[in-house]
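A.B. asks: Protein sequences appear in the order of chains A and B.
Reminder that position 279 of the first sequence reads as 279 in our numbering, one-by-one numbering, no gaps.
Reminder that position 117 of the second sequence reads as 117 in our numbering, one-by-one numbering, no gaps.
These are computed hints drawn from the structure, not numbers from a lab.
Some clues are possibly wrong.
Remember, identical chains collapse to one label, so a pair may be satisfied in a single copy or spanning two.
Said to hold, decoys possible - Straight-line Cα separation of at most 30 Å, DSS-like style, residue types lysine-lysine; simulated pairs:
id: 1; residue 1: 271; residue 2: 134
id: 2; residue 1: 200; residue 2: 220
id: 3; residue 1: 200; residue 2: 212
id: 4; residue 1: 271; residue 2: 332
id: 5; residue 1: 121; residue 2: 220
id: 6; residue 1: 198; residue 2: 271
id: 7; residue 1: 134; residue 2: 167
id: 8; residue 1: 200; residue 2: 121
id: 9; residue 1: 198; residue 2: 264
id: 10; residue 1: 138; residue 2: 167
id: 11; residue 1: 331; residue 2: 134
id: 12; residue 1: 198; residue 2: 212
id: 13; residue 1: 198; residue 2: 220
id: 14; residue 1: 167; residue 2: 239
id: 15; residue 1: 271; residue 2: 204
id: 16; residue 1: 200; residue 2: 134
id: 17; residue 1: 198; residue 2: 332
id: 18; residue 1: 204; residue 2: 331
id: 19; residue 1: 121; residue 2: 212
None of these values were measured; they are calculated from a predicted model.
Protein chains: 2
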Amino acid sequence: MATGWGSLLQDEQQLEELARQAVDRALAEGVLLRTSQEPSSSDVSFILMHRIPSVNGSQFSFPLLMAILVVSYAPFTLFPSLVPSALLEQAYAVQMDFNLLVDAVSQNAAFLEQTLSSTIKRDNFTAHLFDIHKQVLKEGIAQTVFLGLNRSDYMFQRNADGSAALKQIEINTISASFGGLASRTPAVHRHVLNVLGKTKEAAKILSNNPSKGLAMGIAKAWELYGSANARVLLIAQEKERNIFDQRAIENELLARNIHVIRRKFEDVSEKGSLDQDRRLFMDDQEVAVVYFRDGYMPSHYSLQNWGARLLLERSCAVKCPDIATQLAGTKKVQQELSRSGMLEVLLPGQPEAVARLRATFAGLYSLDMGEEGDQAITEAIAAPSCFVLKPQREGGENPNKNMVLSQEVRILEWLVDTGV
Amino acid sequence: MATGWGSLLQDEQQLEELARQAVDRALAEGVLLRTSQEPSSSDVSFILMHRIPSVNGSQFSFPLLMAILVVSYAPFTLFPSLVPSALLEQAYAVQMDFNLLVDAVSQNAAFLEQTLSSTIKRDNFTAHLFDIHKQVLKEGIAQTVFLGLNRSDYMFQRNADGSAALKQIEINTISASFGGLASRTPAVHRHVLNVLGKTKEAAKILSNNPSKGLAMGIAKAWELYGSANARVLLIAQEKERNIFDQRAIENELLARNIHVIRRKFEDVSEKGSLDQDRRLFMDDQEVAVVYFRDGYMPSHYSLQNWGARLLLERSCAVKCPDIATQLAGTKKVQQELSRSGMLEVLLPGQPEAVARLRATFAGLYSLDMGEEGDQAITEAIAAPSCFVLKPQREGGENPNKNMVLSQEVRILEWLVDTGV
């Protein structure tokens, strides 16, 4: 058996056997995607009633599941990637700063309006979101608890001296995904290394359970809402290939006896309602938390769906995220945050947080036609692809105001090649 | 939400939602089968080499898995089945007796020869197995350690007074399956009950980890073989839909740093060999234990495969099972064991074990044409289908002779309707 990494990568037969092992382990661990042929489970045409006599003599019917519902594994790298521990620690340390920053932006209506004023004129999607934001503010916000599950994506920047620096690419403030599947990838990578006899290296792979961290955030919001029978409403897409990522969080909530109901925007239009106190009901069940895993792209909205979104935003259910937090995650806002002096305005009296944040700024470049865009493209070609990491962060309330709940800081074991 | 079971079974919409939840949980827990369209993973045409710059500036290639390999869930019941605890305890208690009985039969060449003499004349498959058995005995058995992983299947018999009795249907002495998948079904059934708000009932579902028990047996045999670098050879079918059941055991072994190589009989023919001490080698790797998950049906054998089986049986690797143990599991032997006085002959001086065994005998009936067969069929129609349970048993060496390793007694959560 090869012991060096170099020879390993030359041995195609061994790589294929490793891949077979890794794929089967990923499947067994639930690192799954629905296949595109059959993305919905709505055709579980399963119920074959069997009548069998029970021990005490009465007939008992039970449904036997027989449908073929096919899934495959989510793409993953065969090997884990090395992450300098200093950069991992840095990512952990700065995540609370990012969460407080997102919260500050989302609560700053004047900043959002000024920053997005030009975007709104050209971009219907942002304009629609902003319109709802304004309506909700005008009516008066019904819920003072806000839930943010934010994911920061990072690259390593190679410095001239060969050292590496952590650079944030973007922050996702709505429907940040892969926390569920990432909870199960360490077992896959440990398996690969153990097959190679690299047991010491396998033991060094950190465990990672962002699905638990995400669920803890939702559970805290549910608890603060304060109604024992209320549900978590997960706004889902009908054809969701990444459902197992979401199910991992649902399962964690169910283990805490918090029930999740999955519904589409269309279902909200048809069966959602507010009572006189703006409490949200779906199918006569009170909703404590609305968790959006849909609604982050223009294609997700029909006119009907915009109506459903407005209904949800007006409600006193805790939104994850509320529409202002979604707007705080737009590229235009992130670009604005990198302007000189802006962090100091948004986070007054917090110079250490500002310094930690600014150290991770990579700069956001316009790729518009024109001189600025040309220069950005030239630079990108000169220094191409990088690792992109996705840390997440968990728990913790903002002691100053309302609540910021966010994900555990983790380097998810996913590599994305951003090369040109 | 319905709280009674009766109303639950009437609510089709709720049953469908439950089924969707159960299916997704089963998939996420690894209760998987390969789909029949794509039963082999040999077409993992995955290796898309990516070149990305590493942190220290050198180029690093890594394979990115991209193939679509589809799986589905193994059929399961939506609800767990009630098992009277007395019968479960009885099944646990009698399993060591069954294992000792199987061991006694397998070591009793005269009994096997006499019992199977008529079968061999009519049945080519048994004749082939028996022929190998004779050859191995004649040459002299190279390995005195035997590994048995036996699965007893039970029904509940409803007595006239309404009580239930545990009746054994058969014992599987080769390639007993579903220990791996059954390790993951309790989580699915707990999920279903938790969704229904039946948290107390969910908490009562016993945990079950037969894959660990099976692996412990194989690990013990590997340890007794006594060669740190030797492998476990799993004889597998090429198109194995139930591979995840096997992978669960492989994973448990890998966690103990015991490596499993999966090969077909054909591979053994081509690349298997014995050295002068009859040590078995596959691809130049020494084999400590041969674990058969193939070779239990006539269709599994070409002439070439019979040659491979002979090679394996002649070797000093521990066989799971050896061919005598496979013969001990034939229907004809099980029928013979139910004859009056036979248990006493095979297990002399063990009247308690004999009594425990006999209490579970349901009687094996000939379905041949003729008076005996007619009567059996008439009785079967008068008292039709029953629950079939599959208990398994783990660990423990026979203190008297050689070694009997067997599976943990478990009632697997699978129901089979044996009704007419």
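A.B. asks: All hints are to be evaluated individually against the structure, with a verdict given for each.
C.D. replies: Structure-based check of all given hints:
1. For the identical chains of this complex, residue 271 and residue 134 are intra-copy neighbours only, at 25 Å inside a copy versus 74 Å across copies, given an alpha-carbon limit of 30 Å.
2. Taking the closest pair of Cα atoms, residue 200 and residue 220 come within 30 Å of each other only across two copies (24 Å); inside a single copy the shortest separation is 37 Å, beyond that limit.
3. With identical chains, the CA atoms of residue 200 and residue 212 are at most 30 Å apart both within one copy (27 Å) and between copies (23 Å).
4. When the C-alpha separation of residue 271 and residue 332 is checked against a cutoff of 30 Å, the pair qualifies neither within a copy, at 35 Å, nor between copies, at 63 Å.
5. For the identical chains of this complex, residue 121 and residue 220 are neighbours neither inside a copy (38 Å) nor across copies (72 Å), given an alpha-carbon limit of 30 Å.
6. Only between protomers do residue 198 and residue 271 lie at most 30 Å apart by alpha-carbon distance; the minimum there is 26 Å, versus 55 Å within a single protomer.
7. Proximity of residue 134 to residue 167 under the C-alpha cut-off of 30 Å is found in neither arrangement, the shortest distances being 33 Å within a copy and 71 Å between copies.
8. Within a single copy, residue 200 and residue 121 get their C-alpha atoms no closer than 57 Å, and across copies no closer than 56 Å, so neither meets the 30 Å cut-off.
9. With identical chains, the CA atoms of residue 198 and residue 264 are at most 30 Å apart between copies only, with a shortest distance of 27 Å across copies and 46 Å within one.
10. Proximity of residue 138 and residue 167 under a CA criterion of 30 Å is satisfied in neither setting, with 38 Å inside one chain copy and 73 Å between copies.
11. Taking the shortest alpha-carbon separations for residue 331 and residue 134, only the intra-copy value of 20 Å comes in at or below 30 Å, while the best inter-copy value is 78 Å.
12. Within a single copy, residue 198 and residue 212 get their C-alpha atoms as close as 28 Å, and across copies as close as 22 Å, so both meet the 30 Å cut-off.
13. Taking the shortest alpha-carbon separations for residue 198 and residue 220, only the inter-copy value of 23 Å comes in at or below 30 Å, while the best intra-copy value is 40 Å.
14. Proximity of residue 167 and residue 239 under a CA criterion of 30 Å is satisfied in neither setting, with 34 Å inside one chain copy and 47 Å between copies.
15. Taking the shortest Cα distances, residue 271 and residue 204 never come within 30 Å of each other, neither inside one copy (50 Å) nor across copies (36 Å).
16. Taking the shortest alpha-carbon separations for residue 200 and residue 134, neither the intra-copy value of 56 Å nor the inter-copy value of 47 Å comes in at or below 30 Å.
17. For a Cα distance limit of 30 Å, the shortest separation of residue 198 from residue 332 qualifies neither inside one copy, at 46 Å, nor across copies, at 48 Å.
18. Taking the closest pair of Cα atoms, residue 204 and residue 331 never come within 30 Å of each other, the shortest separation being 36 Å inside a single copy and 51 Å across copies.
19. Taking the shortest alpha-carbon separations for residue 121 and residue 212, neither the intra-copy value of 40 Å nor the inter-copy value of 62 Å comes in at or below 30 Å.
Checked against the numbered hints given earlier, this structure breaks hints 4, 5, 7, 8, 10, 14, 15, 16, 17, 18, 19; the rest are met.
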